[in-house]
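> Residues per chain, in single letters:
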Amino acid sequence: MSGDDLTTIELLVDWLREVLNVWNITGIAVVLFFLGTPVLLVLAAWVIASSYFIVNFPLTNVGISSSDGIKSFIFLAVPLFVITGDFLTEGGISRKLIQFSRSIVGFMAGATAATTMFSCGLFAAVSGSNAATAATMGRLLGPEMIQRGISPGLAGAIVASGGTVGVIIPPSVIFLIYGVTMDVPSVDLFIGGMIPGVLMVIALVGSAVVLTGKIEPGTGISSFSARKVVKTGLKAWAGFIAIGVIFFGIYWGYFSPTEAAGVVALYCFFVGTIPILGGELKVRQIPDILLNSARLAGLLVPLVVFSIQFQQVSSVMGLPEAIQDFLGELGQAYGPTVLIGVMMLLILAVGAITESIAVVLILGPILAPVADSLGINPIHWGVVFVVGTTIGFVTPPYGLNLFVVSGVLHIPYDQIVRQIFKLLIPLMLVWVIVTAVPWMSLVLLASQ
Amino acid sequence: MGRSIDALFSWIEKAIMLVAYLTIILVVGLETIRRIITGEQASWGPEVAMGAFVWLAWFGMAAGVKSRAHLSFTTFRNRMPYRLRQGMEVFDCLLWFVIGAVVMVASWDVVLLNERFNQQIFGTDVPLAAISIAVPLGWAFTMVRVFQQMLAALKGDFGAPEITAENIR
Chain A
1 MSGDDLTTIE LLVDWLREVL NVWNITGIAV VLFFLGTPVL LVLAAWVIAS SYFIVNFPLT
61 NVGISSSDGI KSFIFLAVPL FVITGDFLTE GGISRKLIQF SRSIVGFMAG ATAATTMFSC
121 GLFAAVSGSN AATAATMGRL LGPEMIQRGI SPGLAGAIVA SGGTVGVIIP PSVIFLIYGV
181 TMDVPSVDLF IGGMIPGVLM VIALVGSAVV LTGKIEPGTG ISSFSARKVV KTGLKAWAGF
241 IAIGVIFFGI YWGYFSPTEA AGVVALYCFF VGTIPILGGE LKVRQIPDIL LNSARLAGLL
301 VPLVVFSIQF QQVSSVMGLP EAIQDFLGEL GQAYGPTVLI GVMMLLILAV GAITESIAVV
361 LILGPILAPV ADSLGINPIH WGVVFVVGTT IGFVTPPYGL NLFVVSGVLH IPYDQIVRQI
421 FKLLIPLMLV WVIVTAVPWM SLVLLASQ
Chain B
1 MGRSIDALFS WIEKAIMLVA YLTIILVVGL ETIRRIITGE QASWGPEVAM GAFVWLAWFG
61 MAAGVKSRAH LSFTTFRNRM PYRLRQGMEV FDCLLWFVIG AVVMVASWDV VLLNERFNQQ
121 IFGTDVPLAA ISIAVPLGWA FTMVRVFQQM LAALKGDFGA PEITAENIR
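Here the protein sequences come in this chain order: A and B.
FYI, the numbering for the first sequence is 1 to 448, going by my numbering.
FYI, the numbering for the second sequence is 1 to 169, going by my numbering.
Derived from the structure by calculation, the hints contain no laboratory data.
Certain hints may be false.
Partial selection, computed: residues in chain A whose CB lies under 10 Å from chain B [stated by the list, open to error]:
#1 L32
#2 A44
#3 D68
#4 S293
#5 T337
#6 Y398
Every residue, glycine too, gets a C-beta built ideally from N, C-alpha and C.
Sequences and hints are given; from them, build the entire structure.
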């Protein structure tokens with residue numbers, strides 16, 4: 001490279017240093033996001049441009065975070081819970097859990113939709129992801145709902161909203177990431193999410209009955225058979241053992257969440273591959289299952305890495321403090337209830353335009369200190385926060401579960417969007433209740 | 001020639017991801033079971049599993065570029081006129097190259113630093129660079145995928161991003 005070239009580059013860098021500031025870098029990032037540039041690129045570009053041109057933060061940090069940011073043992077639970085869900089489904093265990101769900105709620109009006117919601121709750125107790133829950137249940141129950149006469153848009157909305165419990169009922173990938181980021185025990189968050197998760201399932205089953213009851217009238221309580229419940233429950237033994245290992249293993253302190261995920265992943269693999277135990281998984285399928293799950297790690301982990309750097313750079317800039325000051329003034333002017341309401345709206349708004357993990361990593365560190373200053377228990381706030389992000393996961397324009405279900409069931413995205421608002425109402429109601437009643441998130445912790 | 005190189009890269013990506021994923025499952029699962037049964041656990045277990053996760057993540061990113069699975073807001077992009085869309089696709093690739101160059105240089109410095117201080121993976125004699133080198137290598141693979149994507153975009157093949165159960169969970 002000639003001396004002239006170097007001077008040109010130096011001049012360009014000097015010029016960029018003069019013209020760029022945090023607002024136009026952020027503005028460009030927002031425009032790129034809406035123009036369809038991948039979220040990872042937008043985030044990375046913001047981090048690198050802000051580090052280099054605004055705060056003179058060493059770019060070596062990008063290299064360090066790219067390996068050290070990932071090396072968290074608790075974070076390892078993410079790929080393990082994802083693969084557990086895949087083994088569960090491909091091994092035929094998910095289908096048996098659905099049969100068990102049907103035996104419990106099958107007598108109700110809107111039985112297929114109610115079964116979908118109930119099954120989402122059961123699957124969530126083994127898988128830690130809302131998109132995995134929606135994708136699995138969509139594949140297994142979506143076509144049946146449409147066959148029963150439920151409009152494709154509503155069927156898609158039911159599956160998408162059912163998936164939201166995936167990260168509230170433990171284990172939960174988002175609780176894990178929230179815990180790592182905010183230095184809150186993930187196990188406490190898991191326990192805190194149990195009652196709110198059950199409440200969400202109840203609200204969603206109720207909504208399914210109301211929305212599809214006329215399309216699929218119920219057979220009445222007389223058709224409920226306790227014997228059938230026991231029979232299908234026994235057939236689904238493998239799934240219940242997996243749920244039990246995770247639940248009691250973590251709750252009683254035998255395992256950390258990552259260890260529980262490792263043990264259950266191995267368990268589901270063995271049970272799923274042994275035909276005598278009812279397993280339907282073929283060994284030749286394993287590489288493809290692993291590779292599909294690996295691609296997910298490739299999507300999420302780089303996002304987390306750059307989100308951690310986003311936090312670091314924005315902290316150097318004083319952005320969180322500025323937002324916290326603004327929220328603090330808002331609280332003083334209008335009181336804590338309005339402040340909490342504004343924070344919830346912020347979580348929902350950001351969740352509606354981006355991915356849950358990004359919401360946790362970007363908004364979590366900004367809002368948690370404000371909640372703390374209001375005297376809100378950090379576990380309770382963690383649960384409130386994650387319930388909000390999961391509702392954002394099904395809120396247009398960018399509710400990821402809506403895209404997932406649209407892809408899995410081949411239903412046009414806009415048809416699902418038109419129906420999803422009917423299911424957002426009960427989810428919002430549950431969110432308000434969970435926020436207003438800290439007891440729901442904390443009572444099981446107190447009894448530990 | 002192009003196809004065989006693509007096949008070779010795909011094979012290496014897949015092999016690394018499979019080995020890394022299996023390492024995570026086996027090390028975490030079996031070591032936990034061993035701890036419960038015998039009360040003993042290898043000191044290198046968590047460190048090796050986390051190292052495998054680093055390999056899995058960055059090569060998974062390269063695979064994600066190949067399948068155009070990285071999350072993006074596509075509503076406007078899909079409705080753009082042909083030339084504008086082509087321009088945006090090429091712009092994204094150029095942005096990938098710039099970011100990739102920064103990350104590869106910065107992460108290579110980390111590899112050199114690990115080597116200079118003779119750092120080792122905890123509980124083993126294996127150099128720590130065996131983990132940190134996954135970052136520049138993963139990004140190098142990603143750059144190859146981005147280059148392929150750019151050539152495709154210049155030919156007008158935008159390959160709408162897939163959103164299926166298989167690539168998003």
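> Hint by hint, say whether it matches the structure.
So, going through the hints one by one against the coordinates:
1. L32: Holds: closest Cβ of chain B sits about 8 Å from A/L32, inside 10 Å.
2. A44: Holds - the Cβ of A/A44 comes within 10 Å of chain B, reaching about 5 Å at its closest.
3. D68: Hint on A/D68: holds, closest Cβ of chain B at ~8 Å, below 10 Å.
4. S293: Nearest chain B Cβ about 7 Å off; hint holds.
5. T337: Given a least distance of 33 Å, the restraint on A/T337 is violated.
6. Y398: Given a least distance of 6 Å, the restraint on A/Y398 holds.
The earlier numbered hint that this structure contradicts is number 5, and it is the only one.
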